[in-house]
Each structure stands twice: as C-alpha cells, then as structure tokens.
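Residue numbers (the working numbering), protein chains in the order written: chain A, 111 to 432; chain B, 111 to 432; chain C, 111 to 432; chain D, 111 to 432; chain E, 111 to 432.
Please note that the accuracy of each hint is not assured.
One-sided and incomplete, this derived list gives chain B residues near chain D with beta-carbon spacing under 10 Å [as the list claims (entries may be wrong)]:
id : residue
1  : 248
2  : 280
3  : 344
4  : 378
Covered stretches of chain C (in silico footprint by chain A; criterion: 3 or more residues with CB under 8 Å from a CB of chain A, positions within the stretch not fixed) [what the hints assert, rightly or not]:
id : stretch
5  : 204 to 216
6  : 235 to 248
7  : 290 to 297
8  : 363 to 369
9  : 408 to 414
To be clear, the hints were calculated from the coordinates, so they are not data collected in a lab.
Ideal Cβ positions, reconstructed from N, Cα and C, are used throughout, including at glycine.
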Amino acid sequence: MLVNCVAYQEGKKLADIPKEDISEYLKLPACFVWVALKDPEPGELEEMREEFDLHELAVEDARKGHQRPKIEEYGDSLFAVLHAIEPQPDGDLRVGEVDVFVGTNYVLSVRVNSERGFADVRTRSEHEPHLLQYGAAYVFYALLDKVVDRYFPVLDQLESELETIEEQIFIKNQARSNIEALYELKSKLMTLKHAVDPLMEAVGKLYGGRVPQICAGMGEYFRDVYDHLQRLHSSLEGIREMMATAIQVNLGMINLNETEVTKKLAGWAAIIAVPTMIAGIYGMNFKHMPELDWEWGYPVSIAVMVILDIWLYFQFRKAKWL
Amino acid sequence: MLVNCVAYQEGKKLADIPKEDISEYLKLPACFVWVALKDPEPGELEEMREEFDLHELAVEDARKGHQRPKIEEYGDSLFAVLHAIEPQPDGDLRVGEVDVFVGTNYVLSVRVNSERGFADVRTRSEHEPHLLQYGAAYVFYALLDKVVDRYFPVLDQLESELETIEEQIFIKNQARSNIEALYELKSKLMTLKHAVDPLMEAVGKLYGGRVPQICAGMGEYFRDVYDHLQRLHSSLEGIREMMATAIQVNLGMINLNETEVTKKLAGWAAIIAVPTMIAGIYGMNFKHMPELDWEWGYPVSIAVMVILDIWLYFQFRKAKWL
Amino acid sequence: MLVNCVAYQEGKKLADIPKEDISEYLKLPACFVWVALKDPEPGELEEMREEFDLHELAVEDARKGHQRPKIEEYGDSLFAVLHAIEPQPDGDLRVGEVDVFVGTNYVLSVRVNSERGFADVRTRSEHEPHLLQYGAAYVFYALLDKVVDRYFPVLDQLESELETIEEQIFIKNQARSNIEALYELKSKLMTLKHAVDPLMEAVGKLYGGRVPQICAGMGEYFRDVYDHLQRLHSSLEGIREMMATAIQVNLGMINLNETEVTKKLAGWAAIIAVPTMIAGIYGMNFKHMPELDWEWGYPVSIAVMVILDIWLYFQFRKAKWL
Amino acid sequence: MLVNCVAYQEGKKLADIPKEDISEYLKLPACFVWVALKDPEPGELEEMREEFDLHELAVEDARKGHQRPKIEEYGDSLFAVLHAIEPQPDGDLRVGEVDVFVGTNYVLSVRVNSERGFADVRTRSEHEPHLLQYGAAYVFYALLDKVVDRYFPVLDQLESELETIEEQIFIKNQARSNIEALYELKSKLMTLKHAVDPLMEAVGKLYGGRVPQICAGMGEYFRDVYDHLQRLHSSLEGIREMMATAIQVNLGMINLNETEVTKKLAGWAAIIAVPTMIAGIYGMNFKHMPELDWEWGYPVSIAVMVILDIWLYFQFRKAKWL
Amino acid sequence: MLVNCVAYQEGKKLADIPKEDISEYLKLPACFVWVALKDPEPGELEEMREEFDLHELAVEDARKGHQRPKIEEYGDSLFAVLHAIEPQPDGDLRVGEVDVFVGTNYVLSVRVNSERGFADVRTRSEHEPHLLQYGAAYVFYALLDKVVDRYFPVLDQLESELETIEEQIFIKNQARSNIEALYELKSKLMTLKHAVDPLMEAVGKLYGGRVPQICAGMGEYFRDVYDHLQRLHSSLEGIREMMATAIQVNLGMINLNETEVTKKLAGWAAIIAVPTMIAGIYGMNFKHMPELDWEWGYPVSIAVMVILDIWLYFQFRKAKWL
C-alpha cells in the first residue's frame with residue numbers, strides 16, 4: 111500500500127506526486143523523492159525497483175522479510191533493514207520490519223507488520239528545511255533516529271518488569287510466577303537485543319573513517335544514533351546480567367523454601383509423634399503396669415505429653431524451625 | 111559415482127561429455143567444465159586430480175572426509191568443504207559433506223553421505239545464462255548459496271523444537287522429557303553451529319578487501335551468502351542463550367516441584383497423624399479415664415478428630431500446601 | 111543554578127564575573143572562563159549554549175540526562191558525560207551526572223542530581239598556577255580525576271560488603287540474608303561498573319596516538335586517570351567473579367543444610383518410631399501373649415525401648431546425622 | 111639417550127654418523143643433520159648446544175621441561191615445544207614433551223617422558239626425497255604433523271567417553287558414576303586443550319604474512335597443520351560445551367530423582383498410615399463403641415482398610431507418584 | 111629503610127656508596143647506580159625523587175601503594191609496579207609490592223610489605239659481568255624474572271590444593287569442607303591472577319615491535335619472562351575452569367547425598383511402619399477377632415512382621431535404597 115509519495119527540492123516540499131511521475135522528478139536538480147510503502151504487494155515493490163533502479167538482491171531481501179538488521183551498500187545507494195518493536199497491550203512485543211532504500215535523490219521506506227508510521231518524521235522534517243536540505247541522507251537519519259528512539263520505551267518496560275520481579279524475588283510462594291516472568295522477560299530481552307546489536311555494528315560504519323559517499327558530512331548525526339544504540343546495548347547487557355543473577359537467586363530461594371518446609375515437617379512430626387509414642391506405651395496390655403492403676407495416672411500422662419510438646423515447640427522455635 | 115559432467119561456454123551448455131574428454135574442453139576459450147561426483151571411489155578422485163591438476167593436500171582432505179567447513183586457496187584455485195545437513199524422518203540430523211574444487215575453467219563438486227543433490231542448481235543456472243557467464247565462480251556461488259539455504263529449514267526445526275519445550279516447561283511432570291529434549295536439541299544445535307560458524311568466517315574473506323582472484327567482481331553475491339550465514343549464526347546464538355536459560359529454569363521447576371511434593375507429604379502426614387495420636391490416647395489402659403465411660407465419648411472423640419482434620423485441611427489449603 | 115563563574119589568565123584567577131560578561135573575557139588572550147552549574151533550568155543551558163557556541167546535540171544530551179559516560183569531540187571542543195556516584199547513609203548508591211563542556215578557552219561543568227560539588231578542585235587548581243596555566247584541558251583533567259577518585263571509596267564499600275558476606279557464608283541460617291545481600295551488592299556493582307567501563311574506554315583515547323587537539327601535551331595526566339579506571343575495572347571484575355562463586359557456594363550451603371535437616375528428621379523419626387512399634391506390639395489383644403503376664407514384662411519392655419534408642423542415638427551420632 | 115644421528119644431502123641419506131662428526135657434516139653444502147634424543151642427560155644437551163650453537167634460553171627450557179607448547183624464533187633458528195599425549199591402558203592420558211630445535215642445516219628433536227618415537231616419520235621422509243629436499247624445515251613440518259596427528263585418536267577417545275556418558279545420563283542410579291566420569295573427562299579435555307590451543311596460535315604464525323625465514327615456501331604445509339589444530343580446537347570446544355550442558359542436565363536428573371523418591375516415600379507412607387489410623391480408632395477403649403460388638407465389625411474394618419489402600423494406590427499411580 | 115646502594119661500571123661493582131654520593135657516580139661514563147629500599151619513609155622516597163629526577167606521578171603511585179601491576183614509560187625512564195606474593199605458614203597468601211624505577215644509569219627498587227629481598231639477584235648479577243654490562247635494563251630484567259619465578263611455587267601450591275580437593279570431592283560428608291576449601295582457593299587464585307595478568311600485558315610491550323629505548327637489544331630476555339607469565343596465565347585459567355567444574359560437581363554430590371538420605375529415611379520408615387500397622391490391627395478391640403483367640407496367634411503375627419521386614423529390607427537393598 112502506498113502511504114506517501116512526495117517530491118522535495120532544496121529542503122522544501124514540491125508536491126504530492128503520483129508514483130508514475132517519480133522518474134520525471136528524479137531528473138530535476140537538487141530534488142529528491144520520498145516514498146513510503148506499507149505491507150507492499152510484490153507488484154508494488156517491482157514497480158519501485160524499476161523506478162529507482164534498486165539492486166535485485168536488496169529487493170529480494172525486502173520481499174522475503176525476516177532479515178536481521180543491517181545496512182548494506184549497493185554502489186552509490188544504501189539498503190537498510192531495521193526492526194520496529196512495538197509493545198502490545200498484553201505486554202508482548204511485536205516485531206515489524208522497516209526497510210529503507212536510500213539513493214542520492216530518493217528515499218523509499220517499506221514498513222511491514224508495523225502499526226506505527228513515520229508521519230511525524232515527515233512533518234518534523236518539513237518544518238526544518240535547513241536540515242532537509244541535506245537531502246535523502248538526512249531523511250535516512252531521521253527515520254533511523256525515530257526507529258531507535260522507539261526502542262527506549264521498550265527498554266524502560268523491560269527495566270520496570272525486572273524491578274517488579276526483583277521486588278517479588280524475596281517474597282515466599284512467588285517462585286513459580288517469578289520463574290515464568292523471568293523466562294518471558296529473557297525472551298523479550300533477546301528480541302530487543304536482536305534489533306539493537308546488529309544495527310549498532312552497522313551504524314558504527316556510517317561515521318568516522320571510511321563512510322558511504324551518501325552519508326558524508328553527517329557524521330555527528332550518525333554518531334549520535336550510534337551513541338543511543340550503545341546506550342541501549344549496555345543497558346540490555348546490564349539487564350541480562352542482573353537477570354542471570356536473579357535466576358540463580360530465585361533457585362536459591364526455592365531451595366531455601368524447601369529446607370524450611372522440611373524443617374516445619376520435621377518439627378510438627380516430632381510434636382505429634384512424641385504423645386503418640388507415650389500413648390502407645392500406656393496402651394500396652396502388660397498385667398503389671400502400676401501407673402495404670404494410679405488415680406492420677408491419666409491426667410499426669412496427658413500433662414507429660416503437653417509439657418513435652420510445649421518444650422519441643424519452643425525448642426524448634428528457638429532453632430527457627432517453626 | 112559420476113553424477114554429471116557437462117561443458118559450458120559463454121553461459122550456455124555445450125554438451126554432456128565423457129570424463130575422458132574433459133582435458134580437451136578445458137582448452138576451449140571461455141569454456142568451463144562442471145563435474146559432480148557422489149560418494150566417489152578413491153580411483154575416481156585420483157582421475158579428477160590428474161584432469162584438473164588439483165593440489166595433493168586438498169584431494170587428501172576430500173578423500174579422508176570429516177573436515178570442518180573451510181575455504182582454502184591453492185594458487186589460482188579454491189577448495190571448499192561444506193557440511194550438508196539433512197533432517198531425518200526421526201528428527202535426527204544427518205551430516206554429509208560437500209567438497210568443491212573451483213578453478214578458472216572447472217568446478218568439481220564431491221558429495222559424500224548426502225541424499226540431496228544439486229540438480230536444481232544446475233537447472234536454474236542453465237536458465238540464467240547471463241549469470242552463468244561469470245563462469246566457475248558463479249557455479250561455486252550457486253552451490254554455496256544452495257547449501258546455506260538448506261540450513262534455514264533446519265534452523266526452523268530447531269526453533270520450533272525450542273518453542274515446544276518452552277510451552278511444556280511450566281507444565282508439571284514434564285521435567286524429565288524436557289531435560290531429554292533440551293539435551294538433544296543442544297546436540298543438534300552444535301551440529302548446525304559447527305556447519306555455520308567456520309563457513310561464515312571463510313565466506314567473509316570472499317568479498318571486501320583482498321579476495322581470491324577467481325571471485326573478483328562477485329562480491330555482492332558472496333556478501334549475500336555471508337549475510338545469510340550471519341543470520342543463521344545470530345539465530346543459533348539466540349537459541350543457545352534461550353536454551354541455557356531454559357535449562358536453568360527447568361532445574362528451578364524441578365526444585366519447585368520437590369518443594370510442593372514435600373508440602374503435600376507434610377500436609378497429609380499431619381492430617382493422618384493427628385487422629386492417630388488422639389486414638390492412641392484413648393487406647394491407653396488407665397483405670398481412671400472418665401471419658402471412656404461417657405456414653406457419647408466415642409462419637410465425640412471421632413467428631414473432634416474430624417473437626418481437627420477439616421481445620422488442618424483448610425489451614426494447609428490457605429497456605430497453598432495442599 | 112549558577113554556582114560559579116570565574117575568569118582565569120595565565121593560571122591566575124582574574125575575577126568572579128557575571129555571566130553576561132563571559133563573551134568579553136573570552137576575547138582576552140590566554141584567558142579562559144570556568145563556569146559551574148548545578149541542576150540547571152533549560153533556560154540557563156540555552157544561555158550557555160549561546161555564550162560558548164556549544165553543539166546542539168551535546169546540549170540536548172545534557173538537557174535530557176540519563177546518558178552513559180562518554181567523551182565526544184565536536185570540532186575543537188569536547189563534551190564529557192561522567193557519573194557521580196555517592197553512597198547514601200542507608201548504604202544505597204545515588205547516581206548523579208556531571209556533564210563537562212570543554213573548549214580552548216572555557217570549561218562548563220553541569221552537575222545534576224549530585225550533592226558533592228567541585229569547590230575543592232577549584233581551590234586546589236588556584237593554588238597550582240603552574241598547572242592551571244595549561245588552561246581548560248587541565249581543569250577538565252582535574253574534574254575527571256576528582257570524579258574518578260570518588261569512585262574508590264565506593265569500591266572499598268563494595269569490597270567490605272563482600273567480605274562481610276564471605277564471613278557469613280559458612281554460618282548456618284544466614285543463607286536468606288546472604289542471598290539478599292549478594293543480590294543487592296550485585297546491583298551496586300553494576301551501577302559502579304556502568305560508570306567506570308565506558309569512561310575507561312573514552313579516556314583511553316585521550317592519550318597515546320591520535321588525541322583531541324585540546325588535550326595535547328597532557329598525555330601523562332590522562333594516562334594516570336586511565337590507569338585509575340583500569341584499576342577500578344579490574345577490581346570490579348574481581349568482585350564480580352568472587353560474587354558469582356559466592357552465589358554458587360551459597361546455593362551449595364543451602365542444599366547442604368537441607369541434607370542435614372533431612373538427616374536430623376530421619377534420625378529423630380527412627381528414635382521415636384522404634385518404641386512406638388514395640389508399644390504397639392504389646393498393645394495387641396492376643397489371648398496368649400506370655401510376656402504380658404510376666405511380672406517384669408513392663409519394665410523390661412521399657413528398658414528395651416530405652417536401650418534401642420540409646421544405641422540408635424549413638425549410631426546416628428557416629429554417622430554425623432544428629 | 112641418543113636415538114639417531116643421521117646426515118642428509120639433497121634429500122638423500124648420507125650416513126648414520128657419530129655425534130662427534132656433526133660439525134664436519136654441517137659444513138657440507140645442501141647437507142643437514144637430524145639428531146633425535148630421548149630423555150637426555152644434562153650433559154648430552156650441553157654437547158648439542160655446543161655442536162649447533164643453540165641459544166642458552168632455549169636449552170634452559172628444554173632442560174627444565176614442563177613448558178607450554180610454543181614456537182620461538184632465536185635469530186635464524188626455531189625452538190618448538192610440543193606436548194606428546196599418549197593414552198595409557200587405564201584410560202589416563204600421559205603428557206610427554208617433544209622439543210625441536212631447527213636451524214638451516216640441522217634438526218634436533220628431544221623427546222621427554224614419551225614412549226612413542228618418530229622412527230616412522232624418518233622412514234617416510236627418507237622415502238620421499240623430493241620433499242626431504244626442502245631440508246630441515248620439512249623435517250620440522252613432518253614432526254609437527256605427526257605430533258598433531260596423534261592428537262586425533264585422543265580426541266576420538268574423549269568423544270566416545272562423552273557419548274558413553276550421554277547414554278547413561280538419563281538412566282537412573284547412574285548419577286554418581288556420571289559425575290565422576292564427567293569430572294575425569296573434563297580433566298582430560300583440559301590436558302588436550304593445553305596441548306592444542308597454544309600450538310594453534312604458534313603454528314598460525316608459520317604461514318601467511320611474515321613467516322620465519324626458515325619456513326619460507328612451505329606455507330601450504332603449515333596451513334594444513336594449522337587446519338588440523340583448528341579442527342581439534344573446535345571439536346574440543348564442542349565437547350566442552352556439551353559437557354557443561356551434561357553436568358547441568360545431570361544435576362537436573364539428580365534433583366528429579368530426589369523428587370521421585372520423595373513422592374514414593376509420601377505415597378507409601380500414606381498407604382501404611384491410613385490403616386494404622388483406623389486400627390488406632392478401633393483400639394480406643396470407650397465403653398460404648400457399637401461397632402466393636404458387631405459380629406462383622408472386624409472383617410468390615412479390615413475390608414475398609416484394604417479398599418482405602420487400593421484406592422490410594424491407584425490414585426498415586428494415576429498421579430505418577432508410585 | 112635503605113637496603114643497598116651500589117655503583118657499577120662496565121658490569122663490575124665499583125663500591126657501596128652512601129646515598130649522598132649518588133649524583134656524583136651518575137656522572138661517570140658507563141656507570142649505573144642500583145639502590146634498594148624497603149618499606150621507605152615518605153622522606154626517603156622524596157630524596158630519591160630528587161637524586162634521580164623521578165616523575166611526580168610515579169613517585170605518588172609508589173607512595174600510595176595498592177597499585178595494580180603495570181609498566182609505564184615516563185620519557186626515557188620506566189616505572190614498574192610488581193606484586194610480590196609470599197605464601198604464609200598458615201597457607202594464606204601475602205601480597206607485597208615491588209616498585210622499580212629504571213633509568214639509563216640507575217635502578218631503584220622499592221619493596222613494600224614483602225619479606226623476601228633480592229640479595230640473590232644482586233649476587234648472581236655480580237657474578238655475570240658479561241650480562242650486567244647491559245646496565246640498568248638487565249638489572250630490571252633480573253628483578254622482574256625473580257619476581258615472576260617466585261610465582262611458580264605459589265602456582266604449585268594452588269595446584270596441589272586443587273588436587274587435594276579433587277580427591278575428596280567424591281568422598282561423602284566432605285562437602286562442607288570442600289566448599290570452604292574451594293572458596294578459599296578461588297580467593298587465592300584471584301590474588302595470583304591479579305598479579306600475573308596485568309603484568310603479562312605490560313611485559314608484552316617490552317619486546318617485538320616498538321619497545322622503550324631502554325630495553326632495546328634485550329628482547330629475547332623479556333620474551334622469556336613473557337613466556338613464563340603466559341604459562342602462569344594459562345595454568346591459572348586451567349585451575350579456574352577445573353574449579354568451576356569442581357564447584358558444580360560438588361553441588362551435584364550434595365544433592366546426590368540428599369537423595370540417598372531420603373531413600374534411607376523412606377526405607378527404614380517403611381520397615382518400622384509395617385509392623386506398627388499390623389500391631390495396630392491386632393490392638394483393635396473388636397469382640398469377634400478369631401485370630402486373637404488362636405493359641406499361635408501372637409507368635410505367628412510376630413513372624414509375619416519379621417518376614418515382611420526381611421522381605422522389605424532385601425527389596426530396598428536390591429533397589430540400592432539401603
């Protein structure tokens with residue numbers, strides 16, 4: 111589905127144009143065309159390939175989807191695959207894909223399985239003509255920056271989920287739900303990690319030493335994106351390490367609870383077994399058992415049982431078994 | 111066993127040729143010969159060594175088999191060892207070996223212990239004469255790409271096996287089968303990893319800076335293969351990390367179950383032991399036990415037992431022990 | 111909030127100046143201005159941006175906060191983000207941020223969420239005019255050195271907390287508090303680690319090969335800071351590794367305690383169950399049970415019980431079960 | 111002990127020579143001397159040092175032994191330390207040392223604490239004069255290749271030991287022997303690893319970019335050895351990772367068995383305790399217990415016990431506790 | 111405390127000199143002064159700083175102590191921090207510090223908190239004038255070599271402690287002392303590791319490519335030290351890995367023991383509970399219990415109990431529960 115198709119000249123919007131006219135505008139000087147597609151049909155991609163003369167292998171990747179994030183040079187143009195990560199109402203993470211083709215005079219963004227568009231990027235860019243003048247590379251930067259910025263709320267969500275687990279980890283009877291929560295969190299962490307790490311590596315090549323011709327002069331902007339990605343990366347590593355510790359600690363808590371249950375079992379078993387033993391003794395049928403004939407035999411035996419149990423109870427109490 | 115032996119010129123098939131004629135065709139300009147062997151006899155390999163003047167050490171490796179994946183330069187020619195991984199009906203993975211010798215005017219592929227051939231590669235190549243014109247290097251790329259493409263269904267199988275385990279991991283009484291499944295999955299993962307990782311490293315040297323002469327001009331194709339291998343690699347790392355977590359989590363679940371069993375044991379033990387103790391007391395043979403003579407003594411004692419047990423039951427219920 | 115605004119010339123303090131006069135002093139030869147802000151309003155930052163012509167992206171980072179430590183070049187100037195880590199009375203660590211903008215003739219330090227200022231740095235610098243003569247770069251070094259020096263007491267705190275845990279780890283019934291303490295320590299460790307590691311990497315680029323123009327000639331000073339950071343780093347790694355071992359060892363102790371509790375339970379259960387069994391036997395109602403009629407039947411049976419129990423007790427004692 | 115001392119010229123054996131004549135033969139053109147020592151006396155080493163003008167530090171290393179594998183350049187000559195690993199009949203690994211001194215016209219191999227000699231290397235080399243013509247470097251390659259080739263059966267032994275453990279890991283009551291076997295296997299793995307890894311690193315410097323003068327022109331041979339070492343390395347890493355998983359899995363199995371034992375204990379305890387409780391109730395001495403007077407009271411009570419137990423048995427059966 | 115102060119010329123000892131004369135001797139050609147301090151007062155260090163014109167930052171480090179091992183260049187001179195590790199009679203490790211300042215014509219060694227001096231190094235050096243001729247750099251090498259050589263007995267101690275633990279790990283009832291021993295060993299391992307690893311890195315820069323001017327021509331000697339350090343490093347890594355496995359295995363053994371205790375508990379519980387149940391049944395007070403009137407009722411019931419128990423005992427025996 112075609113979302114937008116706009117031509118810009120010297121940082122200013124020329125016009126919304128029908129896609130048939132793209133090739134005409136591409137010939138204008140200092141003009142570039144910015145096309146946005148959403149969940150495109152194969153036919154639409156093919157049309158674009160012809161309009162912009164995209165490389166076969168790049169279009170193939172966009173068509174197939176499920177690529178890992180990357181930025182590849184094909185001659186003068188760039189092909190970028192980004193993961194759009196969108197938290198769902200039920201807490202899950204939805205992974206969409208944003209493919210961006212960038213040439214000297216065009217930007218083509220293809221959004222697949224992703225709800226949130228880039229209308230705000232377009233609006234803001236159109237309000238900053240002094241930046242938009244940089245051309246297609248600036249648009250590429252703006253899209254990249256937007257996608258990366260949207261990772262931060264996801265990171266925050268993961269951090270707050272970890273904090274919730276941390277708070278519950280030392281509360282009894284939460285072990286099972288903690289394990290499940292930790293496993294689910296780990297799974298989300300990996301999703302975000304798979305979006306961030308390869309992209310960080312790729313963006314690292316857009317500034318500094320040898321950069322693609324198309325990104326020249328924008329090094330500080332791409333370094334800023336790289337810096338954000340590195341922040342995400344190191345936060346994710348931090349979460350990962352705390353999670354690993356949390357899993358171990360949780361296992362320790364489970365084992366500790368087992369010990370405490372066993373102690374309780376042992377304690378109460380003793381408290382019940384001792385009177386049973388005494389009762390058993392006075393239930394023996396020997397002819398000559400003088401206590402049996404005593405008038406106070408019964409209440410005394412009961413009293414002994416009770417006293418022993420009280421003593422046991424406080425012993426176990428002192429030893430923290432009960 | 112000789113599977114095929116075909117000569118090509120300028121991207122078009124010349125003829126199926128007997129292997130004795132190979133040397134003649136090698137002299138034709140812009141012509142190359144593509145030979146496919148399957149589980150060859152030592153004699154066949156020796157013949158080929160003489161026809162194509164292969165390096166002794168490379169042929170030695172092909173003869174012995176059980177090599178790790180690699181791509182080696184011997185002067186102008188390349189020698190590649192690839193692992194062909196084929197899932198068996200029983201879920202196991204079968205590891206075959208594909209050895210490829212590539213020179214300026216020949217490609218020799220040797221398939222060992224591998225069911226699936228490369229007839230489709232040959233057919234598709236013959237339908238794309240504009241690509242086949244690149245010569246032996248293109249055939250090498252096509253074979254490499256095919257072998258790597260066949261790793262993806264294996265990866266999918268591993269991922270779906272992991273998902274199955276993940277679903278079962280929080281279900282009780284599945285711990286044993288989960289452990290076994292995780293161990294088996296780990297073992298398959300290592301098999302795929304041993305096919306992918308060394309190959310990724312090797313393919314990484316076929317594009318970019320200094321590449322073997324024979325691969326010159328095909329950088330984007332080999333980068334594409336490299337990219338697929340990197341995707342496999344990072345997916346495998348992801349599975350590995352989730353598996354490590356799954357193993358830990360599974361251990362946690364086992365310990366948790368132990369705790370729950372102990373709690374149940376303790377709970378029911380108490381429920382049975384309390385009436386036993388009371389019964390023991392009224393089984394004592396003291397002469398003076400007034401309760402024994404009461405008319406309602408027996409039903410009251412039974413009632414006390416039942417009431418205590420009901421109270422215990424709900425106590426344990428509340429504490430989630432039963 | 112503006113804390114200080116002072117102009118220096120040739121290592122000597124010229125005057126406290128109002129911020130409106132900054133631009134005048136910047137024009138003097140061999141003169142630099144050192145401004146300190148604390149928890150600044152957006153307006154204050156904007157003023158400074160204009161006075162010193164700071165880069166938009168750097169000011170943006172300072173405004174937003176929550177950056178990871180870094181040192182970035184923007185043309186001739188540097189922008190550094192440092193973490194100020196201050197132990198709180200309750201043992202927690204408070205993470206503040208210190209942003210430093212350094213140009214050829216100015217230093218602007220911005221302190222956010224941090225109690226301890228840098229008045230002592232200023233005082234000491236003013237007493238060492240031969241060093242202050244180096245200009246803004248020296249002030250930057252002095253601030254950096256101070257921030258890093260303040261990490262050492264935090265490190266000492268972590269080390270002594272670990273030692274406390276180590277001492278308690280082999281004491282029984284401390285497992286729960288050990289787990290909690292280890293987890294909390296891990297969390298503090300990560301806080302310090304996130305302050306130290308990225309900074310170490312960044313400072314490593316301020317001496318040796320290619321350094322920012324502004325730091326030229328001060329290599330040995332920055333190497334000294336780097337060396338301190340590396341010491342912190344390797345101590346943190348050491349703590350981390352000992353902690354990982356401590357967590358495992360603690361788990362082992364918990365399991366060991368479980369075993370000991372089970373042994374005790376088993377031992378006392380046997381000691382109670384054996385007399386109960388004997389009593390049960392003599393409680394049977396068979397007509398012909400000769401022992402029942404013996405005069406010494408009852409005391410002998412009691413004696414047998416006691417002897418068996420004493421024997422059991424010493425058996426269990428010998429086997430270290432009780 | 112002197113094992114051999116032979117002079118070669120242009121790939122052909124000249125003569126077995128007494129060690130006193132070595133210096134004479136060293137003067138002949140295109141001639142080199144190959145000496146083999148076994149467990150040498152300090153005096154023998156000293157003699158050789160003088161004959162071949164070996165470096166003091168290298169001879170020191172050979173004298174002391176217990177070096178890690180390495181290849182060092184001393185001017186024009188090489189000094190290599192290799193580990194000879196020989197499986198003993200009882201399954202243990204014996205670690206011997208092979209020190210090789212290589213100069214332009216001599217090879218001195220010193221074998222310490224190693225049973226298997228290199229007579230076969232010498233024989234094969236003498237049958238391949240076209241290779242032996244390369245001189246001392248070829249002999250060095252042949253020795254290196256032999257030592258490395260002998261690692262493969264050791265690797266196979268480790269792999270088959272791991273497979274044996276893998277088969278037993280899910281069999282009950284094997285946990286203890288599995289743990290011991292895993293620990294022993296780990297220990298052997300480390301032995302082989304310490305032989306392979308440093309050597310791989312060292313051999314990697316004998317081909318490619320800057321190689322020692324003496325090895326020039328033999329790059330493909332040393333690359334072949336490197337390739338074998340890399341295969342060993344990655345197989346060892348594979349075994350290590352599977353072992354780590356096996357240890358975890360084994361722990362899981364132990365815990366699982368514990369749970370199963372506890373379940374069985376709980377199940378049978380209930381089956382015994384229920385009739386005991388009922389019997390206790392009818393052992394009470396209340397005057398008015400109508401059931402006691404019923405004619406069928408006794409058999410009915412027994413029947414109730416049996417029925418309850420059968421019901422319990424099948425309940426536990428269904429829950430997989432028994 | 112001043113230990114020694116000696117001037118050397120061309121490899122020969124000139125004289126023991128008072129520290130006031132140092133500056134005179136420094137002016138002699140081919141002469142160098144070797145000063146040894148032990149636990150110096152701040153004043154002594156200050157004196158030396160003036161005599162030898164040492165860098166302020168280096169002297170600061172020596173004064174403060176608690177540095178990590180390092181070798182730093184200050185212009186033409188070197189400053190090295192080494193850890194002296196001395197096993198104490200009680201098995202603990204004492205960490206002292208050796209700081210060495212090396213210039214073209216002086217060596218100053220400062221020993222802090224370390225018992226063992228370097229008199230033997232001095233003696234040996236004075237007996238090897240051909241080596242001492244190299245000047246201060248040789249003395250530096252000799253000190254470095256000595257410090258590193260003294261790590262080997264410490265390593266041997268750690269290895270033999272690990273072996274002791276390994277032998278005890280499969281012995282029952284040793285788990286607690288094993289855990290404590292492993293933790294203590296880990297702690298010592300880290301101490302040695304912190305001495306070795308940073309030093310290895312530092313020494314690696316004293317040979318090969320760009321080396322400090324002062325060390326030129328002594329590459330083979332420093333490579334030898336590096337080699338020793340690498341041997342220490344890889345042995346430490348080996349111990350570390352075996353220890354990690356030992357900790358896991360020990361945990362497995364603890365859990366295994368728990369299982370065995372539970373089995374024993376279950377087995378004996380059954381053996382006691384079965385007769386108790388039977389006795390309970392014949393303790394019931396039903397009027398019509400024909401067995402009670404049988405003459406052989408009592409002995410038969412006892413016999414049944416004994417037979418059942420014997421049968422149970424052998425059942426448990428067979429299942430390895432008892």
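Going down the list of hints, with the structure as the test:
With a least beta-carbon distance of about 26 Å to chain D, the hint placing residue 248 of chain B at the interface is violated under the 10 Å criterion. The criterion of a C-beta within 10 Å of any C-beta in chain D is not met by residue 280 of chain B, whose closest approach is roughly 15 Å, and the hint is violated. For residue 344 of chain B, the interface hint is violated, since its Cβ never comes within 10 Å of a Cβ in chain D; the closest pair sits about 17 Å apart. The interface hint given for residue 378 of chain B holds, since its Cβ lies 6 Å from the closest Cβ of chain D, which is under the 10 Å cut-off.
Note: the stretch 204 to 216 of chain C has 0 residues with beta-carbon separation from chain A under 8 Å; the three-residue rule is not met and the coverage is violated. Proximity of the stretch 235 to 248 of chain C to chain A, defined as three or more residues with a beta carbon under 8 Å from a beta carbon of that chain, is not established by the 0 residues found. With 5 residues carrying a beta carbon less than 8 Å from a beta carbon of chain A, the stretch 290 to 297 of chain C meets the three-residue requirement, and the given coverage holds. Judged by the Cβ-Cβ criterion of 8 Å, the stretch 363 to 369 of chain C is covered by chain A as claimed, because 4 of its residues qualify and three suffice.
Taking a C-beta to C-beta cut-off of 8 Å, the stretch 408 to 414 of chain C contributes 3 residues in contact with chain A, enough for the three needed, and the coverage statement holds.
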